[in-house]
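A.B. asks: Each chain, letter by letter, is given below.
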Amino acid sequence: MIYVDNVAGTKPDKRVVDKMIPFYTEKYGNPSAHFYPLGRESFEAIDEARGHVASLINAEKDEIIFTSCGTESNNLAIKGILDTERAKNKKHIVISEIEHFSVQNVCVKLMNEGYKVTKVRVDENGKVNLDELENVVTEDTALVSIIYVSPEIGTIQDLKKIGEICRNKGVLFHTDAVAGVGHVPVDVKEIGCDLMSFAGQNFYGPKGSAALYIKKGVKINPIFDGGFQEMGLRSGSENVPAIVGFGEAAKIAKNEMDEYTSKMKKLQNQLWNGLDEMFDFIHFTGDKNDRLPGHVSFWIEYIEGESLLLWYSLKEIYGASGSACSSNILAEDEDELEASHVLTAIGVPNDICAGSITFSMSKYSTEEDVNRILEVTPEIVHKLCEMSPYYNK
Amino acid sequence: MAKGPYSEKVMEHFMNPRNMGEIEDASGVGEVGNPACGDVMKLYLKINDDGIVDDVKFKTFGCGAAIASSSMATELLKGKSVEEILELTNNAIVEALDGLPPAKIHCSVMAEEAIEAALKDYYKRIGKDPKIVDEMKEKIKNKRTN
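Just so you know, the protein sequences line up as chains A and B, in that order.
Residue numbers for the first sequence follow the numbering used here, so the first one is 1 and each next one is one higher.
Residue numbers for the second sequence follow the numbering used here, so the first one is 1 and each next one is one higher.
Keep in mind that a hint or two might mislead.
Derived DEER-like restraints, expressed as beta-carbon distance ranges [what the hints assert, rightly or not]:
hint	chain 1	residue 1	chain 2	residue 2	range
1	B	R18	A	E379	13 to 23 Å
2	A	Y24	B	E95	41 to 51 Å
3	B	E31	A	L314	20 to 30 Å
4	B	G99	A	N289	40 to 50 Å
I should point out that these hints are in silico values taken from the structure, not numbers from a laboratory.
Where a beta carbon is used, it is the ideal one built from N, C-alpha and C, also for glycine.
Throw the hints in and build the complete structure from the sequences for me.
C.D. replies: As structure tokens, then:
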């Protein structure tokens, strides 16, 4: 099996799992129970994990709120600031065209509640148009939220410049960095963002572990009402094993990221160049240089993405497609099938972007994996081209 | 292995599509598209003097369900008379494939539409009004509901 859908979630590092197990078996105390060792032990484990997670993005411990997933962090960031002192009465939100659903759909909901949402355009490589961003932010803007790394096309945004624009305009800046943290160096102080979402499952940590970074001094309101966990900003009993695993994953990432990402970068180039040499009708998506290590995304003329994805899957190569056809296969209705808004935003024609594929590697990926992908691709593409009424060669 | 979204039958036809290709001297060619997902199906019919489908071929740009629906449709068409193939509905294709996910039913509809389009082209080529296909379809529908 060759797993190249790592933007959807990585294989947890064994060290992460080993660290978590005792918190399922013997160390099951509630971290809010400070007056007996079992509880205290959990509290200390969370505290230690918070330190590792903060350190990975150069934040302080008390700037990290643990959540359950990237979607929750994004919801908390955007909804959380709206009624605070700084954002009150401001009815405008700025996002990009290529945000994740958990930002996009929050904004759709807010539009129904009377907010105005501006989507800043991206260029053909998926880079946010900075001049446009500068122009659309007004005194009425409550928040700018821009995705750091696009999981679909791999493009990395220049957060430093975006942060600078936001600071100059005095507007709060959130970034969804779920696909970036753990594979791209992140320093919140350098970026100057106010809020950042990231998740453990994207860099070899467990599912159900994520965080929202909230810069000291930035106020947000909780979206859950309840107890005092996570400074009252995320009530509910902590998922101790997941948090412990998240901490371990952050520690490992901090120590080993340089090493594994340089390897992933090499594999990315090998796959990219190999595919590029194969067909003159392959089109790569996203920015070639400012790119998530190990990420290769493309579409092939004449053939449709789901078919390509299915064939790769039959060859035990597991990737992803932004094709309309595979977008929501469990939907009850065809109206719910939509071509990827990210591909549409970078100008890939709707009927053609049916053919997009995303391969995202991990630190476990090998040269043999890439060779195998390159080996089976011509056969698959040829088969589908033969079948295509568009193909005429 | 965990089951995917498609039945074994669908996957089997997807992997080994029947009657894939073109017929150069076709009696009728139908090309239909689905704007929802950009799928396109092209169906070639070779109909003999007795009005029987001698040969049938397809070319499809589309997802697994679209390819399997096309392939299954061609199997169901071969050796049938023009009247018989007009009775072929998308439901029959779905049934023969052991089902399709709800969101993919439109792929089988596309196959039914391709058959209709190919027949219309056939009638046009033999100098008859292609509307005859609509009338025949209507008659079949009425017969079914009565």
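A.B. asks: Compare the structure with each hint and give your call.
C.D. replies: Status of the hints after comparison with the structure:
Taking 13 to 23 Å as the suggested C-beta distance range, the pair R18(B) and E379(A) conforms, at roughly 20 Å. As the Cβ distance of Y24(A) to E95(B) is approximately 47 Å, the hint placing it in 41 to 51 Å holds. For E31(B) and L314(A), the Cβ-Cβ distance of about 28 Å falls inside the hinted range of 20 to 30 Å, so the restraint holds. At about 46 Å, the beta-carbon gap between G99(B) and N289(A) stays in the expected band of 40 to 50 Å.
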